[in-house]
Amino acid sequence: MAGWDRNQMAERAALELQDGTYVNLGIGIPTLVSNYIPAGVNVTLQSENGMLGMGPFPLEGDEDADLINAGKQTITELPQTAYFDSAQSFAMIRGGKIAMAILGAMEVSEEGDLANWMIPGKLVKGMGGAMDLVAGVRRVVVVMDHTSKHGESKVLKACTLPLTGKAVVNRIISNLGVLDVVPGGLRIVDLAPGVTEADIRAATEATILA
Amino acid sequence: MNKVYPNAGAALDGVLKDGMLIASGGFGLCGIPELLIAAIRDAGTKDLTVASNNAGVDGFGLGVLLETRQVKKMISSYVGENAEFMRQYLSGELELEFNPQGTLAERMRAGGAGIPGFYTATGVGTVIADGKEHHDFDGRTYILERGIVADLAIVKAWKADPSGNLVFRKTARNFNAPAATCGKVCVVEVEEIVPLGSLEPDHIHLPGIYVHRIVQGQHEKRIEQRTVRKREAV
Chain B
1 MAGWDRNQMA ERAALELQDG TYVNLGIGIP TLVSNYIPAG VNVTLQSENG MLGMGPFPLE
61 GDEDADLINA GKQTITELPQ TAYFDSAQSF AMIRGGKIAM AILGAMEVSE EGDLANWMIP
121 GKLVKGMGGA MDLVAGVRRV VVVMDHTSKH GESKVLKACT LPLTGKAVVN RIISNLGVLD
181 VVPGGLRIVD LAPGVTEADI RAATEATILA
Chain F
1 MNKVYPNAGA ALDGVLKDGM LIASGGFGLC GIPELLIAAI RDAGTKDLTV ASNNAGVDGF
61 GLGVLLETRQ VKKMISSYVG ENAEFMRQYL SGELELEFNP QGTLAERMRA GGAGIPGFYT
121 ATGVGTVIAD GKEHHDFDGR TYILERGIVA DLAIVKAWKA DPSGNLVFRK TARNFNAPAA
181 TCGKVCVVEV EEIVPLGSLE PDHIHLPGIY VHRIVQGQHE KRIEQRTVRK REAV
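Chains as they are written, first to last, in our numbering: chain B, 1 to 210; chain F, 1 to 234.
This is chain F alone, in the form it adopts within the complex (with noise of 0.2 Å):
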């Protein structure tokens, strides 16, 4: 079984559908799958429900599905640093569903590993726990979330091997393995596709079990806030 394909296009070829639930790794811009989300536009694929911990930015990231209208709803934590996002939101052309950060981070982990719904404290006593269903246990109120399965996941890691195992790099984990876990179908975006063995069996951050295609290629990996001490002068 060959799970290495030759660009982000390819990669997505066959899995793209109007009107998908798609959940995408990254968190602001660090380690998005800027490559298959370019895809996805090239593509076309339109009334889009991305579950997604941020939106991207005007002109990147997810920033780019949304110029396009091919976004119908976002299900993210935060979304404060794209102002076409906030200008369709306001509008009433894009839906939106605030989930807390740990709750989209669970919601994606457990609809992965089988886990319908789960009980969280986050949330009780606000907006968030409207309509939910409320339980006591042990003298405390939780309230009910439900896992999600998404119809693609789409995800960035730092390197695979061609059997799809992933090792991500520093803080670009993020939301990239729970959100792989919970795809019906798993694409991954590297920047390297190392040789079978090179990666030690023990250090492998998601085994390629949850694995269906990967694509290798170049990333901007733009920077969202530089912030920097400076040098003392020599």
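So that you can see chain B by itself, here it is in the shape it has in the complex (with noise of 0.2 Å):
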């Protein structure tokens, strides 16, 4: 069993991107997606502490600690950029303007629910932004590893780690395959070269519909 690692989830992910629409990536795999933007598609990146248009990392020496992205990365401007203040971007965000959010997962159910701020006892950092765009954009594509270190399935039945969303998930990319929530379960819409249907049925704790 092969599957995808993080630059190809990424670049799997990337083409979830519809032209012309605004779009928030999270932190981690999601940020890669900026990478693999396919040619002739247009998407206006939104970084929720106050900017839309996001451009790439800056050159050596170019660094501006005024520029930063909500994973407190220094990054650049691009001529359609506009900032705003955290009030009116969360504003956008809970106002349903954000066509979709790529996010990180710790867990996810098979009735969409989202758990990826917090292990209670261990990590304890805070669900930042997470909350407020699962609750408001119109689509949200989770990508995520499909099981544990310990080969525990991540793609459950119910969460077991404190929510982030309930019924908020549309579509998971994990290493192995890309899979939507829909009534009643999910749905296998892609395998992973080198991941057979059997390979991901066994990975996936959740109810997978024939």
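Calculated directly from the structure, the hints in this document are not laboratory data.
Any given hint could turn out to be false.
[Stated by the list, open to error] Straight-line alpha carbon distances no greater than 27 Å define the calculated DSSO-like cross-link-like pairs of lysine-lysine that follow:
1) F:132 - B:125
2) B:166 - B:149
3) B:125 - F:159
4) F:73 - B:125
5) B:122 - F:72
6) F:230 - F:184
7) F:159 - F:3
8) B:125 - F:72
9) B:149 - B:97
10) B:97 - F:170
11) B:125 - F:46
12) F:159 - F:73
13) F:72 - F:170
14) B:166 - F:132
15) B:122 - F:73
16) B:125 - F:170
17) F:184 - F:3
Mind docking these for me? Both chains are given alone in their own frames, and the hints should help you get the complex.
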């Protein structure tokens, strides 16, 4: 069983981008998605700390402490860039103006519940803007490892970790393939190279429809 | 009425009180009121509740007020970059109220706009919704969140004129504008104070009505994560 690596998952996720839309990319693998935007697809990236039209990392020496993304990384602006404050940033998120968010996940359930912000007693960093994003954007795609380091499924009947949002995920892109959240469970959309339907079913605790 | 003060300590003179609620601007270390934070440390004000998206890092930003144990409670969305914060929180020395980032920003905006509460779908079905009033509108469930009115807002802007009109720079605007509006007293530190009339009125980000005191100073503006592309060899 081969499957996708981090960059290949990001490349697959980039195929979700629709021309002419506004998109928010989360921290981690979702950030890599911007490296694979298909030719001819024009998307404007929103950074929830107050920017539309996020450009690439600056050239060495051009870093600006006043210009960072939501992961606190130095970035650059583009000709169409606009800046705004955090209240307006989340007004456009909550108001449904952002077409899609691509986020990381610790667990996803077959009903589209998402857990990605907290492991009680272990990891207590906070939800940042993730709860607002999943509640507000029109389509939520998560990019994640299908199983834990110990081989346990992270695509579950019900999440065990505290939720970021309930029934919010539309599509899961894992190292094994692509699954949609549909009434009654998950449906396989795509398999990573070398991965069979039997492989993905074996790695998934959630209900996968026939 | 003079709004311009000679230094951060003077700008905070008479407005600091033990146990007060402070709203702070900044996102990560970007656009944080670093001079005012240092002046609060020097003043030794205790038992503070601080509403700020983040809690700084060890030794910089709000991290300095954590080290001196001046903070009783944080209201934040993300605190992952601060080991001292984690230590105090996990040992029960520090209270923490997690707010989703947009909810925190809107709580400040609403508080400053005279709106005591608002409904949002953010956090419905999560621990954030526990104990909060739920209400359905048009077939969707929302929770009631409260506006924040802070005793003091501490804010960083790029430029001010002497009347308090502010211009921010790039993503350093972030929580500074909403935080400024929700303070009963708002103290702003800037990189430059420009003469009256030199800011284009159409280009002012926050009008001076929200700003009570201004101080100009030198900023370190530390970068939290320096990410760059290599220059091509010439």
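Hints, verified against the model:
1. F:132 - B:125: 22 Å, holds
2. B:166 - B:149: Status holds; Cα separation ~25 Å.
3. B:125 - F:159: Distance of about 33 Å is beyond 27 Å: violated.
4. F:73 - B:125: Status holds; Cα separation ~15 Å.
5. B:122 - F:72: 22 Å, holds
6. F:230 - F:184: 47 Å, violated
7. F:159 - F:3: 14 Å, holds
8. B:125 - F:72: Judged against 27 Å, a Cα distance of about 18 Å means the pair holds.
9. B:149 - B:97: Violated, at roughly 37 Å.
10. B:97 - F:170: Holds, at about 21 Å.
11. B:125 - F:46: Roughly 24 Å separates the two Cα atoms, so the pair holds.
12. F:159 - F:73: Since the Cα atoms of residue 159 of chain F and residue 73 of chain F sit roughly 31 Å apart, the hinted pair is violated (cutoff 27 Å).
13. F:72 - F:170: Status violated; Cα separation ~32 Å.
14. B:166 - F:132: 16 Å, holds
15. B:122 - F:73: Judged against 27 Å, a Cα distance of about 20 Å means the pair holds.
16. B:125 - F:170: 26 Å, holds
17. F:184 - F:3: At roughly 15 Å apart (the allowed maximum being 27 Å), residue 3 of chain F and residue 184 of chain F satisfy the hint.
Consistency note: the structure conflicts with the earlier hints numbered 3, 6, 9, 12 and 13.
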